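K.L.:
One-letter residues, chain by chain:
Protein chains: 2
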Amino acid sequence: MRVNLIQLNPIVGNIEKNCDLIIRHLAASKGQLCIFPELALSGYPPEDLLFHSGIQKRISRATDILKNKTREGVSLILGTPYYEEGKIFNAALYIHDGKIESIYKKRSLPNYSVFDEKRYFSEGNEPIFINHEGVNFALLICEDFWDDNIFSKSFSEKTDCILVINGSPFDYNKIESRRVLAIKRAKECQLPVIYVNLVGGQDELIFDGSSFVLNADGEEIIKAKPFEEGSVSFEFSSQNLCKAEKRLESNNIELIYNALVLGTRDYIQKNNFSSVLLGLSGGIDSALTLAIACDAIGAEGVRAVMMPSMFTSSMSVEDAKSQADLLRVQLDVIGISDVMNTFDHTLRDVFHGYEKDVTEENIQSRIRGLILMALSNKFDSLLLTTGNKSEMAVGYSTLYGDMAGGFAPIKDCSKTLVYELARYVNSIKSIIPNRVIEREPTAELAPDQKDTDSLPPYDVLDPILELFIEHDCSVDQIEKNGFDRNTVIKVLNLVKRNEYKRRQAPPGVKITSRAFGKDWRYPITSGY
Amino acid sequence: MRVNLIQLNPIVGNIEKNCDLIIRHLAASKGQLCIFPELALSGYPPEDLLFHSGIQKRISRATDILKNKTREGVSLILGTPYYEEGKIFNAALYIHDGKIESIYKKRSLPNYSVFDEKRYFSEGNEPIFINHEGVNFALLICEDFWDDNIFSKSFSEKTDCILVINGSPFDYNKIESRRVLAIKRAKECQLPVIYVNLVGGQDELIFDGSSFVLNADGEEIIKAKPFEEGSVSFEFSSQNLCKAEKRLESNNIELIYNALVLGTRDYIQKNNFSSVLLGLSGGIDSALTLAIACDAIGAEGVRAVMMPSMFTSSMSVEDAKSQADLLRVQLDVIGISDVMNTFDHTLRDVFHGYEKDVTEENIQSRIRGLILMALSNKFDSLLLTTGNKSEMAVGYSTLYGDMAGGFAPIKDCSKTLVYELARYVNSIKSIIPNRVIEREPTAELAPDQKDTDSLPPYDVLDPILELFIEHDCSVDQIEKNGFDRNTVIKVLNLVKRNEYKRRQAPPGVKITSRAFGKDWRYPITSGY
Chain A
44 MRVNLIQLNP IVGNIEKNCD LIIRHLAASK GQLCIFPELA LSGYPPEDLL FHSGIQKRIS
104 RATDILKNKT REGVSLILGT PYYEEGKIFN AALYIHDGKI ESIYKKRSLP NYSVFDEKRY
164 FSEGNEPIFI NHEGVNFALL ICEDFWDDNI FSKSFSEKTD CILVINGSPF DYNKIESRRV
224 LAIKRAKECQ LPVIYVNLVG GQDELIFDGS SFVLNADGEE IIKAKPFEEG SVSFEFSSQN
284 LCKAEKRLES NNIELIYNAL VLGTRDYIQK NNFSSVLLGL SGGIDSALTL AIACDAIGAE
344 GVRAVMMPSM FTSSMSVEDA KSQADLLRVQ LDVIGISDVM NTFDHTLRDV FHGYEKDVTE
404 ENIQSRIRGL ILMALSNKFD SLLLTTGNKS EMAVGYSTLY GDMAGGFAPI KDCSKTLVYE
464 LARYVNSIKS IIPNRVIERE PTAELAPDQK DTDSLPPYDV LDPILELFIE HDCSVDQIEK
524 NGFDRNTVIK VLNLVKRNEY KRRQAPPGVK ITSRAFGKDW RYPITSGY
Chain B
44 MRVNLIQLNP IVGNIEKNCD LIIRHLAASK GQLCIFPELA LSGYPPEDLL FHSGIQKRIS
104 RATDILKNKT REGVSLILGT PYYEEGKIFN AALYIHDGKI ESIYKKRSLP NYSVFDEKRY
164 FSEGNEPIFI NHEGVNFALL ICEDFWDDNI FSKSFSEKTD CILVINGSPF DYNKIESRRV
224 LAIKRAKECQ LPVIYVNLVG GQDELIFDGS SFVLNADGEE IIKAKPFEEG SVSFEFSSQN
284 LCKAEKRLES NNIELIYNAL VLGTRDYIQK NNFSSVLLGL SGGIDSALTL AIACDAIGAE
344 GVRAVMMPSM FTSSMSVEDA KSQADLLRVQ LDVIGISDVM NTFDHTLRDV FHGYEKDVTE
404 ENIQSRIRGL ILMALSNKFD SLLLTTGNKS EMAVGYSTLY GDMAGGFAPI KDCSKTLVYE
464 LARYVNSIKS IIPNRVIERE PTAELAPDQK DTDSLPPYDV LDPILELFIE HDCSVDQIEK
524 NGFDRNTVIK VLNLVKRNEY KRRQAPPGVK ITSRAFGKDW RYPITSGY
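Protein chains in written order, with my numbering: chain A, 44 to 571; chain B, 44 to 571.
Just chain A, same shape as in the assembly:
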């Protein structure tokens, strides 16, 4: 029996297009058992679209079409929402010879982290085994595989193989933690494991694919490329499943970079943009974002805008130019001093008697945001926001200024990680001028400004933020990790005080275990 693992990249809500995509894969898979990921037909997560009667009808129509396709000698396991008696299930259908032979309903519904499955789905309550060409598969959906309680009831003596379909989002530890779990599972039940995952970007979530097959000893015998749509097929036989192949190794920085590129590309393309623009400041954040944008859609779709003021160093302008040249990206240089002066003049009366302060820095940043949005409107081009996670955490950014934009590729990357990624990019092809990487970080919104005027150095700030954001550590716990108590308190207060800014920030690619997005639900009004 040939089994085909299909790493699908669906578009959330576009049932017809997803159905066509599935049919294309089926057409190339004659005689095979094709396994599609969790909610492949609707895309994951469909969120409140699930409540619409329209989507139910479209899913039902698409399922009928797919049923007919299986008369042509292909069978499939299809992840799809399944509506029954006013309830919605997260289901896997086994479709064979023109009929839905089995319906498995996900039993363990995650309702933590980025997941809200109990908002939408009812729980299934029984294991399902499908017998395809004499092989007895135990069917599971994602969280079922992780849930000890569910997993222990999911196979019997007659089971030949564990088959898990997934919509498992990427973070920088996820591929490894899935592998560790799957090896444990294979060994504890002495059964091979087939693991099929979605691929593609959906708002903040990136599905990395990374589908695989393990034999009963937990050895990896098939592995699909991460971050790429496609399929891998193999001959299911006990002999084959015992032969171990070498694993493809990727380092973590490379994985993260690929996640950022795919997430950015899918946001751009799935939202029907053909071009993007961004503000290029001569700093490292915009330099990295530009590199990602070019890798996502090609330099010809990318436009960079340098907007110098009286506080912008000539070094910044030179570096922006040389980066645009190296990448062959169109660069516009638009000076903003005139506009700054006119605002000064316009606000002179109302600000009379007040000193200059952060207000004027914000005006400068917002003028740039306004110009970028004007170009975005005029040229129907998506504005990419270049802010990183460190500044998003402590509010070192201007709402409607440098935070303006439709998508923020490096929103979940700490400044420390931004440096690592920039060095990685340069190790492939030297496109970011060294000076950009080596100069001291500055917002250049006031004379001789440095990030460290307002913030602890990033090698102190970033680990504190990680302990707080990703590990929910208290002040005491962070202090015990070797950080100055007052610094910790100052940093955490900044995080709390800036919730209102994050609430108005554009989405970005989630690559850590906790990003500022669906998995960060804090009140703005809070006395904590």
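Keep in mind that the hints were calculated from the coordinates and are not lab data. It is possible that some hints are incorrect.
Identical copies carry no separate label here, and so any pair may be met within one copy or between two of them.
Unchecked claim - The list that follows gives simulated cross-link-like pairs (lysine-lysine, BS3-like), each with its CA atoms no further than 30 Å apart:
(1) 523 x 130
(2) 217 x 539
(3) 230 x 561
(4) 148 x 110
(5) 533 x 60
(6) 217 x 110
(7) 399 x 421
(8) 201 x 100
(9) 60 x 539
(10) 130 x 561
(11) 227 x 148
(12) 493 x 523
Just so we're clear, the structure is a prediction, and the values are computed from it rather than from any experiment.
Given the coordinates of chain A, work out where chain B should sit on it, guided by the hints.
P.N.:
Chain B alone, transformed into the frame defined by chain A:
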């Protein structure tokens, strides 16, 4: 026995302050049984703060303090998060004579609409009865009372009274639907019902209080004022509970207006602002928002800014001035033509060869947003956003322009409702010039512009939006309600296309059954 229903207005996360607030009520309630609402000690909803070890410690400390207070002859039912063996429960503690006598754990955890309780809490699994001075109370928390399955197991022959503590947010049907349910419940078990609810604003949610007591015939004998912190006490005896009093009636528009005022006041004050500002355009949205702001914190804390351009009619400037005069609000008039011209000049080269379009309208709107944010920064004053629900739905608003601000009081009010509210405000005291109410709606961003140039009239648009947003109706269903199919499709497409704008909008007061906030979870990237 005297029972005291305490409509508390806590601050989410500020356990110490909430504890003090509770103690103040206890001090005034000697000898009474004091009933506090759901999660009174933490505020509702505490969201991801619940995961922090710090909050657990603070709650435990506060509970100890409150325990000691009950040695002084007062008893209490306290809504609080309760931590036990790594789990968190939404609990009601009965504290009497220095001890926690009973712990009731909420059994029905809502995970729909604005609620995410399954993300945080574990389910309790048994009813609790407390015997206080010989009276046997069946204890319930909010959703338990609505859940037929739970309710039916919540009383016995020995029960004398149903006691429900609540964190039930307001919408324009909510007070009535609670009353209808409570009457049904009282009658079906032939028991009196004590219903205590939180009061106050928390980001988008408004808790209206509206606590009450019904006798066993479902007659209302006590009713607390909606939207006001405070307490009502009564003598618990069978005689007393049979005596029906007249209900205080409020009309719906008055309730909604009070919800908007309370929500705005609490957002301002709980976030430690002492003043607000807003753009006053001469249109009805900003006129209503100004009235709400003045009722929320007093005219002396409110500043209005009129920013005329070459497209602003003299009528708008006059009406803004007369409204500011009537309300005695400081008005700044800041012309923006110079800044508009400078931007035109700055962008001349890059826009060379392109026609004027919506870009220039957006620039105008964003210049106003920039100026308002500059005043907000300089004077540490919260910027109120003046947009309504109709424009939020169809994207008839400029991101970072008129959408800029920290809080949007009328974000959940359709344009139709805005008119009704404006007339209500004027019926109390004439503060909105009639011309503002009567003129045709216009954004005044281009010559002779009218809202109807881009949108259907509001008496068509608003009911379509309500059917779609609040009732999840399909195109077919809306058409059956008497609307032109093409108009419906056009409107719904606008709603879908503008998800990205709403994602970056400030929070506002939820007053309908579905606002654009926690209860509107749609993907931005969507092919639906």
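K.L.:
Could you run down the list of hints and mark each one as holding or not?
P.N.:
Each hint, compared with the structure:
{"no.": "1", "hint": "523 x 130", "in the structure": "between (49 Å within a copy, 25 Å between copies)"}
{"no.": "2", "hint": "217 x 539", "in the structure": "within (28 Å within a copy, 32 Å between copies)"}
{"no.": "3", "hint": "230 x 561", "in the structure": "neither (34 Å within a copy, 43 Å between copies)"}
{"no.": "4", "hint": "148 x 110", "in the structure": "within (18 Å within a copy, 47 Å between copies)"}
{"no.": "5", "hint": "533 x 60", "in the structure": "between (50 Å within a copy, 22 Å between copies)"}
{"no.": "6", "hint": "217 x 110", "in the structure": "neither (34 Å within a copy, 45 Å between copies)"}
{"no.": "7", "hint": "399 x 421", "in the structure": "between (33 Å within a copy, 9 Å between copies)"}
{"no.": "8", "hint": "201 x 100", "in the structure": "neither (37 Å within a copy, 51 Å between copies)"}
{"no.": "9", "hint": "60 x 539", "in the structure": "between (42 Å within a copy, 18 Å between copies)"}
{"no.": "10", "hint": "130 x 561", "in the structure": "both (24 Å within a copy, 22 Å between copies)"}
{"no.": "11", "hint": "227 x 148", "in the structure": "within (24 Å within a copy, 36 Å between copies)"}
{"no.": "12", "hint": "493 x 523", "in the structure": "within (29 Å within a copy, 62 Å between copies)"}
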